[in-house]
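Spelled out, the chains give:
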Amino acid sequence: QVTLRESGPALVKPTQTLTLTCTFSGFSLSTSGMCVSWIRQPPGKALEWLARIDWDDDEFYSTSLKTRLTISKDTSKNQVVLTMTNMDPVDTATYYCARTLSSGIFDYWGQGALVTVSS
Amino acid sequence: EIVLTQSPGTLSLSPGERATLSCRASQSVSSSSLAWFQQKPGQAPRLLIYGASSRATGIPDRFSGSGSGTDFTLAISRLEPEDFAVYYCQHYRTFGGGTKVEIK
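Keeping their order, the protein sequence lines are chains A and B. Remember, the working numbering sits 89 above the position in the first sequence when you count from 1. Remember, the working numbering sits 20 above the position in the second sequence when you count from 1.
The set of hints was computed from the structure by calculation and includes no laboratory data. Think of the CB as a built atom: it goes at the ideal place given N, C-alpha and C, for glycine as much as any other residue. Some hints here could point you the wrong way.
[As the list claims (entries may be wrong)] If you want the ones that stay clear, here's a sample from chain B, every Cβ over 10 Å from chain A, calculated: (1) Glu-21; (2) Leu-31; (3) Gln-63; (4) Leu-67; (5) Ser-97; (6) Glu-102; (7) Gly-116.
[Claimed, not checked] Covered by chain B, according to a simulated footprint, are these stretches of chain A (three or more residues, beta-carbon under 8 Å): (8) 100-107; (9) 116-125; (10) 167-175; (11) 198-207.
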């Protein structure tokens, strides 16, 4: 059974760095074709893809946010970490991690973590 | 970068009716990487359709996907009460803006 769970702070201040952890089970990021993505959704708005890390350590980032994002993995702990620098109130959103197949399909999602950016 | 445009923005229908949702890509895309998701309030998106027309595990056969190139469609043959939700199409790193299916 595949599960993913996001964890991190619910509240960050403007200009701070956000660090989110995705802890997963039921698959391994050392298996060929396996990837994990981060996707966010501002309240009442559409989904926005942020970043992806692959089984072979390839990393991919949103063009508009690439200067602020870093994605990494710890295969032994079954965790993927996303950091986003210089947080702004417009970054207030629910942040999801999702298992991603090499075909680009997000087949399993975590429950999401709401992050509010406010002073 | 590819843009996915979903229409209509909102679809008001009654239970038992047929729903037809459209997703149009700004340029031709690979059908193998076109997916549809359902999202209910307070929940994560759920994969419904992948590869433009294949149902994900556990998805009822009243959901069907079709299309190729730039035009894709999600159809729900007979709306059940639990089908009223927001639906998103997706291709690789791009999501559409969503279609809300609401009770008329």
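_If you test the structure against every hint from before, which numbers come out violated?_
Violated: hints 1, 3, 4, 7, 8, 9 and 10.
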